[in-house]
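Undergrad: Dock chain E against the given chain W, drawing on the hints supplied.
Chains W and E are the protein sequences, given in the same order.
Heads up: the first sequence begins at 4 in my numbering, then just goes up one per residue.
Heads up: the second sequence begins at 35 in my numbering, then just goes up one per residue.
By construction, these hints were calculated from the structure, which means they are not laboratory data.
No false leads were slipped in.
Derived lysine to any residue pairs resembling SDA-like cross-links, with alpha carbons at most 20 angstroms apart:
| # | chain 1 | residue 1 | chain 2 | residue 2 |
| --- | --- | --- | --- | --- |
| 1 | W | K62 | E | E45 |
| 2 | W | K8 | E | Q68 |
| 3 | W | K8 | E | W219 |
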Amino acid sequence: MTDDKERAALERLKSALVEDILAAPDGEILAEAQEDGSDPEAVAAAVRALFEKSVAAEKKARLTAAQAAVAADRRRRLTAVPSDPAEARRRLNHLLARHPETAGKLTMAARKGQSGDLSDDEVRGLLEDLQDLGLSTGEEPEGR
Amino acid sequence: MNPILSREELEEAIRSLPVAGWVRLRKIAVMFCQRRPLEADDLLQEAFARAIDGSRRCPRTVGIVKFLAEAMHSIASDAMKTRGRHPELRAVPLIADDGLAFDPPDCRPNAEQELGDAQETAHMKQRLLDLFADDDAVAQVMIEGMIEGTDGEELRALVDLDRTAFASKRRLIRRRIDKAFPNGWKP
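One chain only, chain W, in its complex shape (with noise of 0.2 angstroms):
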């Protein structure tokens, strides 16, 4: 008989005792317990105490994704350039107010900017520009 053949036997009669496990009555469970040395409160709490840090660990998890999820929707918005060019205009104007010294530091497109004289396209190609500076397109709250 090959391995594979003789663990499948054991393996049948794992199953079968499982089966006893399940049918005995809770007062022989304890009492066997306490027949194989064990106090059955401690082993009790000890599986409980498993159970327990399986929830624990579980809500860390989703706690964890929901945190990841949040930052990447935060990050997504707030390097996403608005393809509605009132919006975008919008933002742009925003930045160089917060930005004057950056704004300074830009072409005169950029002050063009402030007075409404850029294409929709120049407004959008701006702000991908102060992206590549690192500053915040999006929807960033003052004071953060």
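TA: Structure of chain E alone, referenced to chain W:
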């Protein structure tokens, strides 16, 4: 009503287990870890984790201990299968000192190892059977039936016992094995 327990219901059901329920879970974990590269606590924790994160879903009609027992069975079986597929990993240079390309060793057990494993498993099985060699014929037929995969009712019919006598004999078999191998099924 949803036929599957929600996460909250599942947690509540597990937390509400009596002391015997927790002890029962531990005994089942120990049983499924016999002759497997797993520790009972790790198996239990993994079963709890899969139940809580929804990887395994518990039907309302299934008892919580049975549900967790099935989860443990599945995890333990997978662990045994993947052990063969995922040998120990370690970093090695792609080019050996002699300038030749690295030739990875074959991690599958060779014929000699396979034969050794087969002999050890066969020996273990024989030791389990021998525990009942001097016993009544019913216990012998029952353990042989269990090993051959004859299921509960079929086996009960075979040995012609009523439910109570059958349960009692099956318990005798399990407890004799427990006592003969307190440190696990090792030949």
